[in-house]
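Given the coordinates of chain R, work out where chain F should sit on it, guided by the hints.
One-letter residues, chain by chain:
Number of protein chains: 2
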Amino acid sequence: MKVLGVVVEYNPFHNGHLYHLEKAKELIGADFTIAVMSGNFTQRGEPAIIDKFSRAEIALRHGVDVVVELPFVYATQDAGGFAFGAVGVLHKLGLVTDIVFGSESADEEFLIKVAKVLHEQPWRYQEILHVKLKKGLSFPNARKEALVEYFREEGTLNPERVKNIERSNDILGVEYVRAIFRYGSDIRFHAIKRVGASYTDEHFRGRFSSATSIRKLVRERAMELVKEAVPEESFWIIEREMGEGRAPVFWEDMERVFLARFRLMNREDFEEIYGFTEGLDKRFWDSAKRAGTLREFVEAVKAKRFTFSRIRRLMLYALFGIKPGMMDKANKLGPQYIRVLGFTEKGRKFLSMAKRVAKVPIITTPSLYKKALEELDEERHEVDDSLFLWMFDMDIKATMVHTLLFPDPGQRDGERDFKKRVIVL
Amino acid sequence: MKVLGVVVEYNPFHNGHLYHLEKAKELIGADFTIAVMSGNFTQRGEPAIIDKFSRAEIALRHGVDVVVELPFVYATQDAGGFAFGAVGVLHKLGLVTDIVFGSESADEEFLIKVAKVLHEQPWRYQEILHVKLKKGLSFPNARKEALVEYFREEGTLNPERVKNIERSNDILGVEYVRAIFRYGSDIRFHAIKRVGASYTDEHFRGRFSSATSIRKLVRERAMELVKEAVPEESFWIIEREMGEGRAPVFWEDMERVFLARFRLMNREDFEEIYGFTEGLDKRFWDSAKRAGTLREFVEAVKAKRFTFSRIRRLMLYALFGIKPGMMDKANKLGPQYIRVLGFTEKGRKFLSMAKRVAKVPIITTPSLYKKALEELDEERHEVDDSLFLWMFDMDIKATMVHTLLFPDPGQRDGERDFKKRVIVL
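Which chain is which? The protein sequence lines are R and F, in order.
For the first sequence, our numbering gives the first residue as 104, with consecutive numbering after it.
For the second sequence, our numbering gives the first residue as 104, with consecutive numbering after it.
Check before you lean on any hint, since a few could be wrong.
For identical chains, the list gives no copy identity; a pair is met inside one copy or between any two copies.
As the list claims (entries may be wrong) - Okay, derived cross-link-like pairs now, BS3-like style, lysine-lysine, Cα gap no bigger than 27 Å in a straight line:
#: 1; residue 1: 385; residue 2: 426
#: 2; residue 1: 407; residue 2: 266
#: 3; residue 1: 385; residue 2: 522
#: 4; residue 1: 105; residue 2: 219
#: 5; residue 1: 385; residue 2: 473
#: 6; residue 1: 523; residue 2: 385
#: 7; residue 1: 522; residue 2: 405
#: 8; residue 1: 474; residue 2: 385
#: 9; residue 1: 462; residue 2: 426
#: 10; residue 1: 219; residue 2: 435
Honestly, the hints are just simulated from the structure, not real lab data.
Quick caveat, the model's predicted, so the values are computed rather than measured.
One chain only, chain R, in its complex shape (with noise of 0.2 Å):
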């Protein structure tokens, strides 16, 4: 039995990832596909445009057989932590055999040399990194200085290939097969190439376009041609949300949400959050008493070595008021459940064969999450309780936060989570 797994954050879903979603099960000759799924938070630190519910509608009438979410805390890291959640909820689901992402290079054999130096961390590589962290650079810099110079040496691959690493999408690639090489996991692994616009690519490109840019369109309300650049089930669904009120969300509408949070916060309350190190402390509190928009904010947080998309996960962090000690261990222990956000009737019968073998409470529905933890089958079932329920918890808390951005009052009950049933096509 072939088992696909993917990726994705359908924000929305587009012609480039039906595209994509089909070649990977023809690639794989796949009896079932799983997807996992970013939830109401992406990995570019914004809430998704529309609702994770809808988008797991939208997967699952374009050829998905179950929807998992990925959890927040996993969701809203850098390609490390988001591959990491990512492939632990493919590993433990316990029944995927084949994960296939895409890629800007598609050259695997370059992936693997890079994710094996970052799992099994040889001796060279980690003095070459010491010397680098010494020299204050920070530690995804130092690690990708760390790389280039340890590849240089030893003359097996391109140094100037992996210095270009993080600019494309073969970050991630590595941080999959690390995450892969991490969880011990034989899941196979297939990159292929990507078609069409750079995911970051602002601008309309007819078919083929970006997510980014058709976010853009839907602001603008431009609907004949976000229609143009994704498949019909996914647009009349987009249509069907903003319609009733749900949709469409953008960052922009948390802006007092942030503002107001951090200008009550003190220095050392962002000193106790994830992630603020290299003085992003101090910048944040700083910034957030002048800044009268979010991009002012943005901004002035800004220098070259923060990405904007960093930058935007540390808000959502300081907001959420992640700790470092649970975000550790959710980086060590991996995903504690698995949240299926729907199915179709062939979903179905895989899960209920997942639901004998996976390692983690597979959870349909949400309300009953202190009885899976309750009925855990201790003979295969890893879980650890105050990772569980805090995980859990902040999934609901994004859907707090996330339905308070519908457009329509009437629609923003926050206890989304445990009201709107798993999907089931």
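Leaving out everything else, chain F in the frame of chain R:
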């Protein structure tokens, strides 16, 4: 030397305020008039419609010599805490001889009798109060019923009048008198009859309209009507602030600020906030999850025994993270500094005298507030350092949040308290 002290909100300054101010000055034959004024948030638990500097300027233009700020932690309390803070500021200034306040009844004998019972806590009153509390009544209700019963037994006051005390401004009058007793102050007090509309009246009543109705008119941009209800110079300053994008500010602008914060808080977090008794923690927690608007939220929290003002004040405490320990200390020790918002040439003379006798530091340059703490005069300053710092920090944070609500993003610098100079007329 006669120094008149008045306690005001001026949100905004209207014809009734002017009438009251002039009456009070005449009554006392005041050499100087000092107003202690709420800062950027008011006793209704709302942000002031225009900021404290502009409101201070208006007061100075209408015959007040010095405007000092009632610290946020008192300005946003019920009648007891509000009066204790306000009288505390005037008392600690050291030179105020007379306080004049408006009251429905202006029956000083009545106010004194009630205040005396509250202050002296006669044995019989305590006994009745104890029974009422045991019956499960909230403290304010138990207190009211105990007063009614106590005076019925005593026969010295009409118990029916005591029953209605909270519905009128008389409760504030009682609390002013009681605060004077508590400080052991020799300030004389005078109650004068209020004129015009009740301060909660929502309807426009022409020349003597309530502040509530005037704010409503500003909201509707019915500026021609506003013009009728406020003195000329109050009007043009309101218009100036609106023109410059710093006004008007409304409670409704805090919708997502409040709801997002509350949705991200846990029930136990509410339990740690000042004033969350009587199941209010659960009511807040439940309501925040479901409410899509502020109006829905307060309606959901509301029960017969809570007023909307009390709910809005509690919302501020939760947002600002006000803990019982500090608030109780504030309600025991009184204001720890006197922050000057503005003064006239005449007021300058008063301040130079007051600086030599005040019981707490007088702060005219807020950026130097830490210096004020270092340069205390041990002879006469009675200051609790940690209370001073906390109280001051809350004023600064109140401004941080208030400025964020300014319509023009370019005006939202949160450090207005440090950058805007004291108003000198």
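Structure-based check of all given hints:
In this assembly of identical chains, the alpha carbons of residue 385 and residue 426 lie at most 27 Å apart whether taken from the same copy (17 Å) or from different copies (25 Å). Taking identical chains as interchangeable, the C-alpha atoms of residue 407 and residue 266 lie at most 27 Å apart only when both belong to the same chain, with a minimum of 16 Å there against 66 Å between chains. Taking the shortest Cα distances, residue 385 and residue 522 sit within 27 Å of each other only across copies (20 Å), while inside one copy they are farther apart (40 Å). Only within a single protomer do residue 105 and residue 219 lie at most 27 Å apart by alpha-carbon distance; the minimum there is 26 Å, versus 84 Å between protomers.
With identical chains, the CA atoms of residue 385 and residue 473 are at most 27 Å apart between copies only, with a shortest distance of 20 Å across copies and 39 Å within one. Proximity of residue 523 and residue 385 under a CA criterion of 27 Å is satisfied inter-copy only: 23 Å between copies versus 40 Å inside one chain copy. For the homomeric pair residue 522 and residue 405, the shortest alpha-carbon distance between copies (24 Å) is at most 27 Å, but the shortest distance inside one copy (39 Å) is not. Taking identical chains as interchangeable, the C-alpha atoms of residue 474 and residue 385 lie at most 27 Å apart only when they sit on different chains, with a minimum of 23 Å there against 42 Å within one chain.
In this assembly of identical chains, residue 462 and residue 426 lie within 27 Å of each other by CA distance solely inside one copy; the values are 26 Å within and 43 Å between copies. Only within a single protomer do residue 219 and residue 435 lie at most 27 Å apart by alpha-carbon distance; the minimum there is 18 Å, versus 65 Å between protomers.
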